[in-house]
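Quick mapping for you: the protein sequence lines, in order, are chains A and B.
Per the working numbering, the first sequence starts with residue 1, numbered consecutively.
Per the working numbering, the second sequence starts with residue 568, numbered consecutively.
Think of the hints as simulated: they come from the structure by calculation, not from any bench.
Any given hint could be a false lead.
[To be verified] With a straight-line Cα cutoff of 30 Å, these simulated BS3-like cross-link-like pairs (lysine-lysine) come out: (1) B:LYS731 - B:LYS655; (2) A:LYS510 - A:LYS21; (3) B:LYS654 - B:LYS726; (4) B:LYS626 - B:LYS614; (5) B:LYS626 - B:LYS685; (6) B:LYS584 - A:LYS296; (7) A:LYS510 - A:LYS9; (8) A:LYS9 - B:LYS584; (9) A:LYS328 - B:LYS614; (10) A:LYS328 - A:LYS436; (11) B:LYS584 - B:LYS654; (12) B:LYS731 - A:LYS9; (13) B:LYS731 - A:LYS21; (14) A:LYS9 - A:LYS21; (15) B:LYS655 - B:LYS584.
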Amino acid sequence: MHSESFWRKDIFSTDHKTIGKQFLFFGIFFLLFGGFQAMLLRWQLAYPGQPVPWWLMGFLYEGTGGIIDPDGFNRLFTMHGTIMIFWAITPILIGAFGNFLIPLQIGARDMAFPTLNMISFWTFFLSGVVLLLSHFLPAGSASGGWTSYPPLSLPGGGIPGLGQAFWTLSVTLMGAATMMGAINYIITVIRLRAPGMTYWRMPLSVWGLWLTSILNAIFVPVIAAGLIMLLLDQLLGTQFFVAGRLAAGGGGDPLLFQHVFWIFGHPEVYILILPVWGIVSDLLAIYSRKPAFGYKVTSICMSTIVVLSSIVWGHHMYTTGMSPLLGKAFMFLTLLISIPSSIFFFNWLGTLWRGSLHFDPPMLYTMSVIWVFGLGGLTGLYNATVTSDIYLHDTMFVVGHFHYTLAASVLFGGFAAIAHWFPRMFGRMLNPLMSKIHFWGTFITLNLVFFNMMVVGYAGQHRRIYNPSEYEFLQPLADMNVFITYAALVLGLFQILYLFNFVWSLVKGKVAETNPWRATTLEWTMDYPIPHGNFGEIPQVYHGPHEYSNPNTDQDWAPQTVEIKSS
Amino acid sequence: MSVATITSKKLFIIDEKTSSLGLIVGFVAITMLFITFLATFSSMMLKELQYIHIDLMTKMIAVGITSVLVISSLLFAISHRQWLSGKKKESSFYLASSMALGIVFLFGQISYWQLLVKQGLSGLNNVLVGMVYLMAGAHAIHLIAGLVFLAWLWLQLNKGGELKEVRYRLIGWFWHYLSALWTVILLYLIITV
Numbered sequence: 001m002h003s004e005s006f007w008r009k010d011i012f013s014t015d016h017k018t019i020g021k022q023f024l025f026f027g028i029f030f031l032l033f034g035g036f037q038a039m040l041l042r043w044q045l046a047y048p049g050q051p052v053p054w055w056l057m058g059f060l061y062e063g064t065g066g067i068i069d070p071d072g073f074n075r076l077f078t079m080h081g082t083i084m085i086f087w088a089i090t091p092i093l094i095g096a097f098g099n100f101l102i103p104l105q106i107g108a109r110d111m112a113f114p115t116l117n118m119i120s121f122w123t124f125f126l127s128g129v130v131l132l133l134s135h136f137l138p139a140g141s142a143s144g145g146w147t148s149y150p151p152l153s154l155p156g157g158g159i160p161g162l163g164q165a166f167w168t169l170s171v172t173l174m175g176a177a178t179m180m181g182a183i184n185y186i187i188t189v190i191r192l193r194a195p196g197m198t199y200w201r202m203p204l205s206v207w208g209l210w211l212t213s214i215l216n217a218i219f220v221p222v223i224a225a226g227l228i229m230l231l232l233d234q235l236l237g238t239q240f241f242v243a244g245r246l247a248a249g250g251g252g253d254p255l256l257f258q259h260v261f262w263i264f265g266h267p268e269v270y271i272l273i274l275p276v277w278g279i280v281s282d283l284l285a286i287y288s289r290k291p292a293f294g295y296k297v298t299s300i301c302m303s304t305i306v307v308l309s310s311i312v313w314g315h316h317m318y319t320t321g322m323s324p325l326l327g328k329a330f331m332f333l334t335l336l337i338s339i340p341s342s343i344f345f346f347n348w349l350g351t352l353w354r355g356s357l358h359f360d361p362p363m364l365y366t367m368s369v370i371w372v373f374g375l376g377g378l379t380g381l382y383n384a385t386v387t388s389d390i391y392l393h394d395t396m397f398v399v400g401h402f403h404y405t406l407a408a409s410v411l412f413g414g415f416a417a418i419a420h421w422f423p424r425m426f427g428r429m430l431n432p433l434m435s436k437i438h439f440w441g442t443f444i445t446l447n448l449v450f451f452n453m454m455v456v457g458y459a460g461q462h463r464r465i466y467n468p469s470e471y472e473f474l475q476p477l478a479d480m481n482v483f484i485t486y487a488a489l490v491l492g493l494f495q496i497l498y499l500f501n502f503v504w505s506l507v508k509g510k511v512a513e514t515n516p517w518r519a520t521t522l523e524w525t526m527d528y529p530i531p532h533g534n535f536g537e538i539p540q541v542y543h544g545p546h547e548y549s550n551p552n553t554d555q556d557w558a559p560q561t562v563e564i565k566s567s
Numbered sequence: 568m569s570v571a572t573i574t575s576k577k578l579f580i581i582d583e584k585t586s587s588l589g590l591i592v593g594f595v596a597i598t599m600l601f602i603t604f605l606a607t608f609s610s611m612m613l614k615e616l617q618y619i620h621i622d623l624m625t626k627m628i629a630v631g632i633t634s635v636l637v638i639s640s641l642l643f644a645i646s647h648r649q650w651l652s653g654k655k656k657e658s659s660f661y662l663a664s665s666m667a668l669g670i671v672f673l674f675g676q677i678s679y680w681q682l683l684v685k686q687g688l689s690g691l692n693n694v695l696v697g698m699v700y701l702m703a704g705a706h707a708i709h710l711i712a713g714l715v716f717l718a719w720l721w722l723q724l725n726k727g728g729e730l731k732e733v734r735y736r737l738i739g740w741f742w743h744y745l746s747a748l749w750t751v752i753l754l755y756l757i758i759t760v
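Work out the full structure: start from the sequences and follow the hints.
Rendered as structure tokens:
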């Protein structure tokens, strides 16, 4: 093993495993930060106008008498959404597991462009710093929502200070970092697969991450274009997205930003969820001790969704006055996505069917993805349909729906991935008892929060309103809002347990054996710690990633490096 | 071969195909950026938000400036050919000429920008003009990156050390791509405006 200085080995490392861990720690930090903001939001919705208690860091609101003021509330939901999507989910699922898994699972020594990979992380880091700094601006951070629609997000929109410009700059930087990662992931999979590792032998996790990267490479530049225009509007006084009274000249078109945003924004949903679909497909096979049901069909379905995701953005804009014919076309295309989604969903059930299920923590988390994604997917049909969406648009129903599909599915997928690959990353096992307590606590409370969000939304509660009690028709929902808040607070408490388990296991966890889950993929064929360069010799791959319970093998699993001879 | 005996450099050699593919994916991304700009521009035109009127003479100046970039691209191709046939001095000369024309193009763009402003076409009160400036600016930033690569290549060429052909070729791809990209954008603007 070649020797490297501390800076090259642990800070500016080009080793994909180290960069993966850096992304993981970075993402967890922002996950906690964004999660804390969610607690404050829920406090305001349950107890509007009441001082934030000390145990929720009420001192942060000393300037406003301990109360979250309307501007503060706007800042909270803006930064909560932005942080969770771009700085928590993206680095954990794509940054951490993309980096850690792709080279190891396809039998490569590293990413195709290791230096670019390192630059990608540090650009991502810089974007996070810019975003955090925006909290300390005199007029506060951005408050135009995570979508930052103009004209609200422009100087004439009423939001003071430079918060919006910092938001735009940080998301643009984050996009640049994502692009660098995407180029690396795509080329690594195409060029650096080990001998015998055909596309149809790649783990589905790699499929998911690869497809995500393709979407990133195509659609991140689209939002980059929109953000550059938005930034120029914010800082230089151009008027690309300004119209009406706010425009000094003829003005531009605010609706154009919505189009550009959602042309990226809808694929972004799949950018975030595809890695989870892949990971879930793999883990179900491992913990059911069965080959993944319909492996090829699942990868084809995921690829189909990648294509479809690029032509359905209009379903986010049914209420913008688009032509009914266009609305119908977008509705049809959106509903079409339910076909490949349902197919691989049933493939998951097919994998479980008559399997030898092992309910280790990674399996518990994985199975919960089936539940939450199923609910999120089914409720998505109402949002995809024009007639119901016009009623449900911008209500808490939508908030509940996308928290099921994105937050819950991705969180549980992330927890599953961390629990499964923790031994590979850190050489120790996560404490199983604490993991199981965390799982049940999170699973129950999370459903109480997000399901009831849909209920209050269906009853008419709009999202992003500061004080629901001001509206007479929402007053009967006050108790429900209090209930959701307490469920959310308990959910938050269980995440503290998770953090404790993570840190404790990192230091004192049981030392892991080389392949504790008896998995077949290449990353489990080496002892911990895996050196820079991964494989002594690039392995030869003989079969697919899910050879479990094969009657031609002595044990119930056959690593991809072992040839199976039929008897 | 054991990992203990492999040095870091030997472990991570990026081969030609890998670099080429990486650049192609990069081209896809850059193209998407400009497609979005052009689509936005077209949408604003179709909605008749504003109008631009540019006279024929001014259009022809734009064509003239762009042809400088196209010639620069051709000179690069000649330089590459000369290098492949072992004529390093000629190669260096054509490369320097290509670079010089790239710089001329950049200054030409800035002058053209000033000319449009003098004609009353400001990006601050006309979104269509703003889009043209934005595309020119975004292209110029990529062009400056290209010039840095060209300068690096020229230095390598004149140092007399070993230079990998793939680097020459890929820098060339980038330079030709930028030339083609601006030509397409200009043609589109001339046809639509």
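Hint by hint, here is what the structure shows:
| no. | hint | result |
| --- | --- | --- |
| 1 | B:LYS731 - B:LYS655 | holds (14 Å) |
| 2 | A:LYS510 - A:LYS21 | holds (19 Å) |
| 3 | B:LYS654 - B:LYS726 | holds (15 Å) |
| 4 | B:LYS626 - B:LYS614 | holds (23 Å) |
| 5 | B:LYS626 - B:LYS685 | holds (15 Å) |
| 6 | B:LYS584 - A:LYS296 | holds (27 Å) |
| 7 | A:LYS510 - A:LYS9 | holds (25 Å) |
| 8 | A:LYS9 - B:LYS584 | holds (28 Å) |
| 9 | A:LYS328 - B:LYS614 | holds (22 Å) |
| 10 | A:LYS328 - A:LYS436 | violated (45 Å) |
| 11 | B:LYS584 - B:LYS654 | holds (26 Å) |
| 12 | B:LYS731 - A:LYS9 | holds (29 Å) |
| 13 | B:LYS731 - A:LYS21 | violated (34 Å) |
| 14 | A:LYS9 - A:LYS21 | holds (12 Å) |
| 15 | B:LYS655 - B:LYS584 | holds (25 Å) |
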